[in-house]
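Order-wise, the sequence lines are chains A and B. Numbering follows numbering that gives the first Met the number 0, in which position 171 of the first sequence is assigned residue number 170; successive positions increment by one, without gaps. Numbering follows numbering that gives the first Met the number 0, in which position 56 of the second sequence is assigned residue number 55; successive positions increment by one, without gaps.
Please keep in mind that the hints were generated in silico from the structure rather than gathered at the bench. Here the structure is a predicted model, which means the values were calculated and not measured. One thing to keep in mind: the hints can contain errors.
[As the list claims (entries may be wrong)] The list that follows gives simulated cross-link-like pairs (lysine to any residue, SDA-like), each with its CA atoms no further than 25 Å apart:
hint, chain 1, residue 1, chain 2, residue 2
1, B, Lys13, A, Ile250
2, A, Lys229, B, Lys34
3, A, Lys396, B, Lys42
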Amino acid sequence: MAIKIALAGNPNCGKTTLFNALTGSNQFVGNWPGVTVEKKEGKLKGNKEVVIMDLPGIYSLSPYTLEEVVARNYLINERPDAILNIVDGTNIERNLYLSTQLMELGIPMVMAVNMIDILEKTGDKIHIDKLCKKLGCEVVEISALKGTGIQKAADRVIELAKQKQSMKLVHAFAPEVEARIEQVIDLIGNDIPEEQKRFFAIKLIEKDDKIADQMKQVPDIQNIISLMEKEFDDDTESIITNERYDYISSIINECCTKNKEKKLTTSDKIDRIVTNRWFALPIFAAVMFLVYYVSVTTVGSWATDWANDGVFGEGWNLFGINSLHIKGVPEYIEAGLNAIGCADWLRSLIIDGIVAGVGAILGFVPQMLVLFIFLAFLEACGYMARVAFIMDRIFRKFGLSGKSFIPMLIGSGCGVPGIMASRTIENDRDRKMTIMTTTFIPCSAKMPIIALIAGALFGGAWWVAPSAYFVGVAAIICSGIILKKTKMFAGDPAPFVMELPAYHMPTVSNVLRSMWERGWSFIKKAGTIILLSTIILWFLMSFGWVDGSFGMLEAEQLDSSILASLGNVLAPIFKPLGWGEWKMAVAAVTGLIAKENVVGTFGILFGFGEVAEDGAEIWGMLAGSLTAVAAYSFLVFNLLCAPCFAAMGAIKREMNNKKWFWFAIGYQTILAYVVALCVYQIGTLLSVGTFGVGTVVALLLIIGFIYLLVRPYQESKTLKVNVASVK
Amino acid sequence: MRTLREVVCGQSVKVKKLTGEGPVKRRIMDMGITKGVEVYVRKVAPLGDPIEVTVRGYELSLRKADAAMIEVE
Chain A
0 MAIKIALAGN PNCGKTTLFN ALTGSNQFVG NWPGVTVEKK EGKLKGNKEV VIMDLPGIYS
60 LSPYTLEEVV ARNYLINERP DAILNIVDGT NIERNLYLST QLMELGIPMV MAVNMIDILE
120 KTGDKIHIDK LCKKLGCEVV EISALKGTGI QKAADRVIEL AKQKQSMKLV HAFAPEVEAR
180 IEQVIDLIGN DIPEEQKRFF AIKLIEKDDK IADQMKQVPD IQNIISLMEK EFDDDTESII
240 TNERYDYISS IINECCTKNK EKKLTTSDKI DRIVTNRWFA LPIFAAVMFL VYYVSVTTVG
300 SWATDWANDG VFGEGWNLFG INSLHIKGVP EYIEAGLNAI GCADWLRSLI IDGIVAGVGA
360 ILGFVPQMLV LFIFLAFLEA CGYMARVAFI MDRIFRKFGL SGKSFIPMLI GSGCGVPGIM
420 ASRTIENDRD RKMTIMTTTF IPCSAKMPII ALIAGALFGG AWWVAPSAYF VGVAAIICSG
480 IILKKTKMFA GDPAPFVMEL PAYHMPTVSN VLRSMWERGW SFIKKAGTII LLSTIILWFL
540 MSFGWVDGSF GMLEAEQLDS SILASLGNVL APIFKPLGWG EWKMAVAAVT GLIAKENVVG
600 TFGILFGFGE VAEDGAEIWG MLAGSLTAVA AYSFLVFNLL CAPCFAAMGA IKREMNNKKW
660 FWFAIGYQTI LAYVVALCVY QIGTLLSVGT FGVGTVVALL LIIGFIYLLV RPYQESKTLK
720 VNVASVK
Chain B
0 MRTLREVVCG QSVKVKKLTG EGPVKRRIMD MGITKGVEVY VRKVAPLGDP IEVTVRGYEL
60 SLRKADAAMI EVE
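Next comes chain A alone, as it looks inside the complex (with noise of 0.2 Å):
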């Protein structure tokens, strides 16, 4: 019988690091089912028969977050052999909240001070024993950074596991609200075992509207309520918290002394700079710069023109050295298919379709490490957190974190790794706000589409650029307060009460671990959709009839293939943007593989094969079958509507549930399909003054879309998602 063992503690406690010192590699990370909440189990190292379960970084055991609700149905439901609880011996009298709602739980338990090394620098005292005694439950004395105390921690927390004596109770409220307790305790009925009876208790007595789903019968406790609330003048939820709190100021005193001397900390000293009224936004904005400049402008581009054009292109030369050319992978594999005289169709399949795909998958991987190394640093230093506490005021208003900033700002290079950069986002709602909004704001590879546009319809005039970020910031404004007051997002409550961690330099090894988690999931979660829809899309490309008979194509008979047909029967339900053509259809649908892709498919279609990057060759063309305000609706749709697959494979592992990604990918489109309707109708009625059925339905979309933008909202008060079922 292996031994589950649960760590639990606060966020920013070094938890991460001891439960990666306790497990070194045997990890295995997922999600709790059906929500975005990481699952990190690991096997206790030199003990295969110990499992350790990383549990969500929690401050209490209220219902009010996604992480909370599911720490503690994990608790309930899954009872764990024992406990081990982290807590920071430098912030000991919060980080003492949760572990006096651990111990109401009957586990036994452990507790682990952490950080005694710098304890032993400021000067600070804890004393184990007392803390023991007043607590009732062991404590011991750790560094999880230095690794002291480790294997102390683990030994007892095993041998307390192997005991299965429950946890004894020692701490105590005032006598008033102990006597309701005991009431309640009274009327719980036989379904709760005795040791677990107390926690219950306090949680009806708290009025927390998920506890019920634990219970088969449910007291009606409502009169012990009432008089507890009148007694007190005060909310039973708030009389609980306030317990709490005095009994660890009761005996934070005796159990800690403080140096008197009180220096001022580095973290203060670095602190007072950084977030400092004055100096925070350029610091803030030269952060940002040397994250973008380093993940996308210079080391990440090369990394993805390496993997893109490179491994997965026309190879690519060791040390920049011509002479030392290595060839691309497809290269090798058509000379290894040539070699053995393979099929062209397979031949085809395999370099256009499966290869291209994987490189899809893995060519935005080099650029995706960079930037989780700065992410990983910037979160564990302590820094993340203060750029939420920056920018807050700037996003909260269109219902995002101050954190968005980031994956927005990426994702105006790349929206794939943008995507991912919003797993540091903690709150649930916000976070799917942002993988749903950050790929408006145009990437490198929906430039060539805007000098396309610009050049062969606006004689490259110098707003359309400027145009189409103000259009993909407009888009992530509106779709913000929109989406906030939708059932989907109304949900749950979200206030922004945040902890600012104390600054410190993060280990190396825990820097590399979350960049090589974060790489690994987005290929194992996102390949499986990138790689099947490149392969369809090759099909539909590479197929078609010529001369009444059906088989595959060279590139140069796009207009042939699958694809052109289904351009031919989604070209009507383009009309009413202004862009009605076949050929704008087949090329908007190959965007989907890449957005450059756009340009290239117009190179084929009117007969150029290859044409440059801004496809100048073919402005002419272009110009002669599109109206300027078409072409405009036809760039809008381009920019908001679904992104490439590779986008699509980020979000789907980001949102880790399919309705949310086809909400997304549904909103997208949609989004897309209004705006350029509106740009489309609106603009020929400026310019041209036709007025017909198209120009009322923009009118009503826009007066509808102004009332979406404008209605009034709720926040709510319980969290909607159901996690009862969380095991």
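Guided by the hints, dock chain B onto chain A, whose structure is given.
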């Protein structure tokens, strides 16, 4: 009646009462702002909101709208 919102930077105050109810109030209390605790207003974010306070020995940031729920002496 004075709330935490009105307290200027660099001042320490004692919490008298928390108004409101539900998730926001619970969260504020979970983070250690309870009756009788000492709160030091440390700084205001560069754009004027949120604020940063020191409570129970650590740094906490909260929005001014939420700070208005905290009555102080």
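So, going through the hints one by one against the coordinates:
1. B:Lys13 / A:Ile250: Distance ~20 Å between Lys13 (chain B) and Ile250 (chain A) Cα, so the pair holds.
2. A:Lys229 / B:Lys34: holds, 17 Å
3. A:Lys396 / B:Lys42: holds, 22 Å
In the structure shown, no violation is registered for any of the earlier numbered hints.
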